[in-house]
Structure formats: structure tokens, C-alpha cells
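Residues per chain are reported as follows:
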Amino acid sequence: MKGRWLAAAALASAVACGGGQTRLNLFSTDWEDDGGVSIARVWQRVGSLPVPPAADVALGVAGHADKLIGLPLDGSAKWTFAHPLDARPIVAGGVVVVSGGGEVCALEATSGHVVWRRPTGGLALLGAGDDGTVTVAAFRKPGDVGSVLLAVAHDGQVVRQIETDKMLGAPAVLGRMAFVPWAGQYVSVIDLSNGDEAARVTLREETSRAWTQGGALWFGEVGYFRFDERMRDASKGRATHASVPARKLPGTPRLMQPGYVSQAPLADAEDKAREYARAVGSDAGATIEDGRFYATYFRIAMGFDATATGDERDAGPGQPDVGPRVAWAHLHGANFLGGAAESGGIVLCDDQGKVVELDAKTGSQVAEADLGEPVRACVVNVDSRRANGAAEATPKSLAAQLTDVVLADDPQLVVAQRMLLKELAEMGDELATKALVDLASDPRTSPDLLVDARAALANRRNGATYMEAALARHYDYLKDVLRPPPVGPIAHALGAMNEKAAAPLLASHLFDPADTDDDVRETAAALARVGSTPELPAMRQFFGMYRASAGTDEVTDAVVSIAKAIVSLDPKASRPEVEAAAADTMTVAGARDRLAEVLTPMTSDAGLDAAKKAK
Amino acid sequence: MRGFSSLATLGICLAFLTQARAEGLARAKGAGPSPAATLPTDTVKRLRSGDAAQVKAALDDVRMAAKGGAPAVPTIVDLLKRGLPEPLTESAVETLGDTESEGASEVLGWYSRHRNAAVRRAAVQSLARTRGPSAVKALRAALSDPDPAVRGVSATALGTLKAKEAVGDLFVALDHKVDEAAASIGQLCAGPDCERLAGKLGSVHFDVVTGGLDEVMLRPAPDVTDDLKVKIVGRVREVGTAEANRFLKEVQAKWPPRGSARVKQSIDQAVLATTGSPGAPGSTP
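Which chain is which? The protein sequence lines are A and B, in order. Residues 18 to 632, numbered by this note's numbering, are exactly what the first sequence covers, in order. Residues 17 to 301, numbered by this note's numbering, are exactly what the second sequence covers, in order.
Honestly, the hints are just simulated from the structure, not real lab data. Model, not experiment: these values are computed from the prediction. Be a bit skeptical, because a hint or two may be false.
[Said to hold, decoys possible] Lysine-lysine pairs mimicking DSS-like chemistry, simulated, CA-CA at most 25 angstroms apart:
id	chain 1	residue 1	chain 2	residue 2
1	A	496	B	180
2	B	153	A	589
3	A	496	B	153
4	B	72	A	496
5	B	72	B	97
[Stated by the list, open to error] Some residues of chain B that are not near chain A, with every Cβ distance over 12 angstroms (derived):
id	residue
6	54
7	80
8	106
9	234
[Claimed, not checked] Cβ-to-Cβ under 8 angstroms is the rule here; a few derived chain B residues that face chain A:
id	residue
10	100
11	102
12	105
13	126
14	161
15	165
16	184
17	188
Even glycine gets a Cβ: it sits at the ideal position worked out from N, Cα and C.
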């Protein structure tokens with residue numbers, strides 16, 4: 018193995034040095050910032066060169082990590098390549114770089130034909146770039162003791178091989194200059210013609226990847242730096258930069274995998290929870306394409322408003338700001354394994370080999386393709402393609418999309434469902450209320466989600482019709498209604514909305530033994546606000562039945578609330594009853610004093626006035 | 017295991033029925049279990065005392081008086097409407113049942129929906145004795161109760177009350193594994209409903225269905241025709257198992273001497289036909 022690399026190293030040493038240039042010590046750590054002089058010189062040299070578009074392709078890893086399926090997204094025929102894989106394939110320019118079986122190969126992304134292949138001795142592939150004539154690839158040495166940078170021309174000739182004890186990231190190449198991120202903050206520019214470090218730039222953000230996209234060269238990992246004339250001021254934090262707004266996402270996904278980590282050929286949990294975005298440059302700088310960034314969580318895809326930079330929404334007591342709002346949510350039939358943001362949307366592929374294109378604005382599916390079989394990992398690269406399929410004429414509303422997702426009966430989705438439930442709960446749409454009612458009524462709803470749904474429902478202030486429809490249902494063993502509606506939260510909301518039409522339904526729930534004690538407390542509290550004369554008999558019945566037999570604090574609270582209601586609605590008849598109860602030692606201890614308090618204000622003029630008014 | 021569970025349930029059901037029937041027979045013959053005590057004159061006063069111990073003692077006196085406690089019923093009803101602590105509530109509910117006073121059914125209906133399942137069970141048991149349309153209404157609703165015991169007692173009580181209008185509900189209950197419903201259906205069904213019950217053989221546990229068919233077979237001829245009884249015997253005979261043989265033998269043994277000879281003949285033939293059934297006495301191993 019070593020012999021192979023040594024042979025290549027001999028080739029590297031034969032390359033002549035360029036005259037009159039600043040010679041830098043390759044990947045040295047005693048480098049001093051040159052104020053952007055060297056990187057500006059590189060910009061002068063390659064800035065005007067056209068950046069060839071990279072392939073628009075979806076790759077599936079199938080079988081036992083020994084089969085690669087390529088699906089060009091322009092509709093060309095798919096191809097397969099049988100080869101053992103020890104790392105995730107990488108799309109670099111117009112080629113696909115494949116590592117495994119002790120060699121590295123470059124394949125034409127459109128056909129799968131081998132462009133070149135070289136032995137590696139089993140080094141781990143980290144990343145690769147290609148400018149149409151040369152491919153550069155970075156490898157990690159065994160034991161993490163350093164890296165190897167390999168540049169191979171499309172004719173198979175090794176242009177340069179550099180070994181270093183530094184951990185290199187994923188490189189790019191343009192105009193025979195290799196752009197190599199390393200140490201998390203540097204990008205060194207290696208002149209492939211002589212092997213020298215022609216320039217270096219320090220970036221003020223974690224950076225381990227370089228790539229070309231949209232006719233520009235980019236560096237980044239947690240954000241995006243465009244390589245342009247402003248790169249000379251990068252060390253002062255003034256490079257052209259774009260970033261995705263911070264937001265809590267299910268599974269805490271990464272925007273990009275660190276470039277110094279070799280990705281396993283088969284997908285893992287991190288591939289199912291990913292964040293996607295695409296930077297786009299303009300004369301003014303760089304921004305996030307379409308104002309959207311995306312996230313996947315198993316079979317959920319979500320689009321977020323990237324223009325909102327954290328609107329300080331309160332996520333609840335003790336919870337931090339949760340950032341930009343969800344713009345859309347898409348429930349898919351299978352788990353997403355990979356994808357890429359494109360202009361106008363996102364292309365995602367799933368573990369069944371389906372490739373879907375979703376519209377950036379609405380999340381509607383605009384196109385679909387098929388890798389032909391289930392896959393165990395998937396890589397998507399999109400450069401010049403733009404989502405231009407026919408979106409649905411009337412896309413689902415966000416409330417409907419969120420409803421679909423939160424009602425999905427799939428335990429692995431709960432974390433994302435809880436997040437989206439919070440979004441749903443903040444929407445003014447009455448459909449959101451309906452979704453919360455349905456979710457809280459469905460016996461299949463997971464306990465975690467149920468707690469959230471009930472809490473959100475209690476805070477709704479619209480959709481009374483849906484709430485009342487739910488209250489009309491009761492536990493009924495013979496009719497297989499085995500979960501009562503979420504009576505407590507609904508009662509709380511209806512009470513707060515002063516929804517008097519709900520009073521008869523609320524009264525009927527005073528006597529449903531399947532409702533929880535908390536439901537009864539909330540129902541009674543709501544009736545104290547919205548109850549009227551027709552509900553008096555039921556309320557008086559409840560007061561009589563439970564004033565001496567309330568078994569819990571909640572039912573005791575309910576007794577007191579109902580006492581307030583009946584005294585307020587019909588003081589003449591009810592007051593003596595409540596007075597008698599307050600004086601009766603059989604009345605539950607927790608209620609007696611409070612019943613006395615209920616009676617006290619009624620002796621004042623204000624209390625009597627209130628009673629008259631209520632009547 | 018399922019069979020054991022069903023048999024255990026059936027055992028409870030049969031025990032309840034046997035007791036109810038024995039008491040019914042005793043009452044019919046005018047020989048109650050024990051002569052009712054006379055209601056003390058101060059009972060109502062003690063019920064109204066507001067003192068838990070006195071109320072409890074007065075309730076006990078009313079229970080002892082059984083139907084003779086009727087004069088105290090309005091007071092007990094009033095106490096329940098105004099509210100009592102839980103142990104006294106249960107006691108008052110049971111007491112009202114002992115008085116067999118229909119006037120108590122309304123308030124017992126209230127308590128058949130109490131939050132405490134023990135109170136609800138006591139209420140539906142009492143409703144079976146106080147009777148009346150409001151009792152039937154409350155018991156039909158209680159078939160859907162979350163508590164299995166409340167459902168079971170309600171099903172049995174509807175049979176006891178001869179609530180023919182509840183047969184449809186009882187079939188739904190039977191389909192929902194309220195096994196006690198079978199016996200009540202057997203007591204209440206008319207021709208097609210009785211056949212429908214027999215049709216449950218095979219889909220519902222045998223002992224559960226025959227718990228109802230047993231009732232059908234012993235009902236008098238004007239109520240259930242001989243043709244229907246012969247049909248039922250035929251359905252059981254078709255089952256052809258040892259348990260079918262055992263059931264037929266039980267019916268044979270209970271068949272009244274003056275009962276229909278035609279039905280008797282069909283029973284005898286069915287017993288013979290099923291004697292060789294696997295597991296039945298006389299079968300060939």
C-alpha cells in the first residue's frame with residue numbers, strides 16, 4: 018500500500034515550482050496572516066474563469082454497499098455500477114467519485130462510465146472536487162494521523178499527491194488550483210502545477226468543505242462563504258457570507274457533514290434527520306436561495322422561512338427562542354435518506370429509491386423519479402437544475418399540511434410532530450383547532466403528543482364549532498368510543514371564549530364517569546362562565562351529588578365552581594342550598610370554607626348587582 | 017386460558033342469576049328469605065338528623081324493613097339529591113333497592129353515572145329492583161359504562177326487568193363481550209331474536225350462548241313456540257361437541273314433566289346423537 022503512494026509521491030516531486038510567487042509553507046501552522054494579499058492574487062488568477070456546472074444526479078447505494086445506481090435528474094437513463102463501497106459516493110463536478118475495494122474511481126455522472134481509477138490501499142475518502150479536467154480528492158490516513166490530497170487528471174495521470182499530518186477537509190478545484198479546507202478555519206490554495214501553497218485564507222466560522230455551485234466557488238460547513246474579491250478581507254470577518262437562521266430542529270441535524278469525516282457508505286440516523294439549504298450569490302453578496310431552508314426527519318420534510326432571523330417567539334416557560342417559522346410540511350411515504358436544495362425547491366430521495374422534487378414555496382410535490390429499487394444510502398447533487406414542474410393548482414394550506422403530519426400514526430415521528438404541533442398551535446386557522454381536537458381524541462396518539470395537544474387546545478381561541486362537535490361525543494363502550502374527547506382543554510378554551518352555546522354540552526360532561534377529574538374541574542369552571550338557566554338543573558344535580566362525596570381536589574374545585582354558578586344564576590333557590598352545604602359537616606372539608614367564600618360577596622351590593630345582571 | 021376466563025365470568029353470571037331466580041321463586045311462593053322488620057317510627061327523623069351515624073343506622077332499619085321501608089324512600093331520595101358522603105351514598109343507594117320502590121329509580125339513575133364505580137355498581141343493582149321506565153333507560157345507558165362490572169350487572173338487570181325494548185342493545189353488548197347479555201336475551205327474545213342468539217353458537221363462547229339458550233328453552237310455550245325450541249335443539253345438536261351433549265343433557269334433566277313431548281323428543285334424540293361426540297361420555301377414544 019505504502020509503495021503505491023510512494024510512487025505517486027515521486028510524481029509529485031517532479032513538478033516544478035512557479036517563479037516569482039510567494040512561497041508558503043504547505044499547511045504550516047506558523048503561517049502569518051498576509052492581509053489577504055495571496056488570496057487576492059488567486060482571485061485575480063481564477064476569478065474570471067467559468068465554473069463548470071456540476072451534475073444534477075441522484076445516487077443510490079444498494080445491495081450490500083456494492084451497487085451504485087445513478088439517476089440523472091434531466092430524465093436520462095439511470096445507470097448502475099457494481100463495485101464495493103467503503104465510503105459514501107461523492108458528486109464532484111461532472112464526475113462521481115467512488116471509493117472501495119482498495120481503489121478510488123471517477124465515473125461520468127451522466128453514464129456511470131469510468132473516467133479514471135487509482136489504487137488507494139484502502140484510505141478513507143473524505144471529499145472531492147472536479148473542474149472538468151482534474152479531480153482532487155482528500156483521504157484520511159488510517160489512525161487519523163493525517164491526510165492525503167490526490168489530484169488526478171481525467172486521463173488518469175496523477176497530477177499531484179500531497180501527504181500531510183494535518184486533517185484536511187473536502188476540497189474543490191478550479192483552474193488547476195486546489196482549494197483545501199483544513200483545521201476548521203483555513204482554506205489553503207494549492208497550485209497543482211507546482212504543489213505549492215499559493216494562498217491561504219482564514220475564515221471566521223467553522224469551515225471544512227469547498228465546492229462549486231451556481232457558477233461560484235464556496236467554502237463552509239455551518240455557513241457559506243463565497244470565493245470572490247471580498248475573500249481578501251475574510252480574516253477581518255468581511256468575506257461574502259450567507260447563513261441559515263438558527264432554529265431548533267428535530268434530531269438536531271447538521272447543515273453539512275464535517276469535511277474531515279469520511280461518511281460510511283450506508284445511511285445512518287444522521288442521514289434521516291438533515292438540514293438542507295443552498296447559497297446563492299449576487300452582486301450584493303450571498304443569501305439563501307428562495308429564502309428557504311429545509312429539514313427532514315424520517316419521512317417528514319419541512320420548509321422554513323430563511324428570511325426570518327429568529328423572531329423571538331416564546332416557546333414556553335424556560336424554552337429558548339425557536340427561530341424561523343415552518344413554511345410548509347410534507348409527509349412522505351418512506352424515510353428520506355438524502356437530498357439537495359436547488360433553485361426553486363429541494364430534491365429528496367427515500368429508502369425505497371423514490372426521488373421527489375418539492376416546491377420551495379409550498380412544499381407541493383412537483384416531480385418524481387425512481388432509482389428502481391430500495392436503497393441503503395442516497396446522495397443528491399443539484400447545480401443548474403431548477404424546480405419547474407407543475408405544482409398543485411391549489412396546494413394544501415399550511416394548517417392542512419401540519420394536520421396531516423401531526424395526525425400520522427408513526428411513533429418515530431413524535432419529536433417532529435411535537436415541534437410541528439407547536440407551530441400548528443400558534444396558527445389562527447380554525448383548521449388548526451380541528452387538528453388539535455382530532456389529535457387529542459385519537460386513541461392512537463402517543464402520550465407525549467397527547468399532552469402537547471391538550472395543552473395547545475386549551476389555549477385555542479377559535480374553532481368553537483369543532484370543539485362543540487367533540488363535546489357531543491362521550492365515552493361509549495358499545496359504540497367503540499373508548500377515548501373520551503379532550504373535555505378539559507376544550508372546556509377551558511370555550512370558557513375563555515365565553516362560548517355560551519357550548520353550555521348544554523359542557524353540562525352533559527359533568528356526569529360522564531369516563532371523563533377525568535381534571536376534565537370535570539375544567540368543565541365546571543367553564544360552566545361558571547357560560548352556564549345559563551337551562552343548565553341550572555344539571556348544575557344543581559352535580560352540586561348535590563358531589564358536595565359531600567367529591568373524591569379528589571379536582572372534583573372539589575368543580576363543586577365550588579358550580580356553587581358559584583348556581584348562586585349567581587339563581588340566588589333565591591340556590592343560595593340556601595349552598596349555605597346549608599357550607600354549614601354541613603358532611604360536605605367535603607376542602608369545599609366548606611370555599612363555599613362560604615362563594616356566599617360572602619353576594620351579601621355586598623356589588624355581589625347582588627352581579628347576581629341580578631347574571632340573571 | 018380464554019375458555020377459563022369466560023367460564024369464570026359465566027360462573028359469576030350464573031351465580032347472580034341463580035340467586036335472583038331463587039329469590040324470585042321464594043317471593044312468588046310468598047315465602048321470603050326472612051320476614052321484613054317493621055320500620056321504626058323515628059326513622060325519617062334520624063335520616064334527617066344530619067348526623068352520619070344516625071343516618072347510617074336509619075338506612076339499616078329501612079333495609080331491614082325491605083318493602084316496608086317505602087315511607088322512608090322520599091327522604092332517602094332527598095338525601096341523595098342533596099348529597100351524602102361516599103359510604104353513606106352507597107348505603108343509601110343499596111337501601112333504595114331493598115325498598116323496591118319505583119319512586120327511587122330517578123335518583124338511582126343519577127347515581128348510575130357517579131364518578132365512583134362502586135356507587136354505579138350499587139345503583140344499577142338497585143335499579144333492577146326499583147323498576148320503571150327510568151330504571152330501564154338508566155340501565156340501557158349503563159351498558160356502555162367504562163366499568164365491566166357495571167355493564168355486566170346492567171345486562172343482567174335488563175333481563176330481570178323484562179325490558180324487551182333493550183334486546184337490540186343486549187345483542188350489541190354481547191358482541192362487545194358483555195357475556196351477561198346472553199342470559200338476558202334468552203329471557204326476553206321473541207322468535208327471530210332467539211334464533212339470532214342461537215346463531216351466535218360458534219362465534220361466541222359456547223357456555224355464554226347456552227346460558228341464554230337455557231333461558232329460552234325453559235320459557236313457557238306461548239312465549240316461545242315449540243317450533244323455535246326444536247330449532248334451537250337442532251342448532252346445538254349440529255355443534256356436535258361434548259359441551260353440546262352436556263348442555264342438552266342439562267336441559268333434558270330440567271325439562272318439566274308436563275312440558276312439550278315434541279320438544280322433549282327432539283332433546284332426547286339430540287342427546288343420543290351427541291353422546292358419541294369427542295369428549296362426551298360414551299364417545300370412542
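We went through each hint and held it up to the structure:
no.	hint	verdict
1	A/496 - B/180	holds, 20 angstroms
2	B/153 - A/589	violated, 33 angstroms
3	A/496 - B/153	holds, 17 angstroms
4	B/72 - A/496	violated, 39 angstroms
5	B/72 - B/97	holds, 16 angstroms
6	54	holds, 28 angstroms
7	80	holds, 23 angstroms
8	106	violated, 9 angstroms
9	234	holds, 28 angstroms
10	100	holds, 5 angstroms
11	102	holds, 4 angstroms
12	105	holds, 5 angstroms
13	126	holds, 6 angstroms
14	161	holds, 7 angstroms
15	165	violated, 12 angstroms
16	184	violated, 10 angstroms
17	188	holds, 5 angstroms
Of the numbered hints given earlier, the model fails hints 2, 4, 8, 15 and 16; all others are met.
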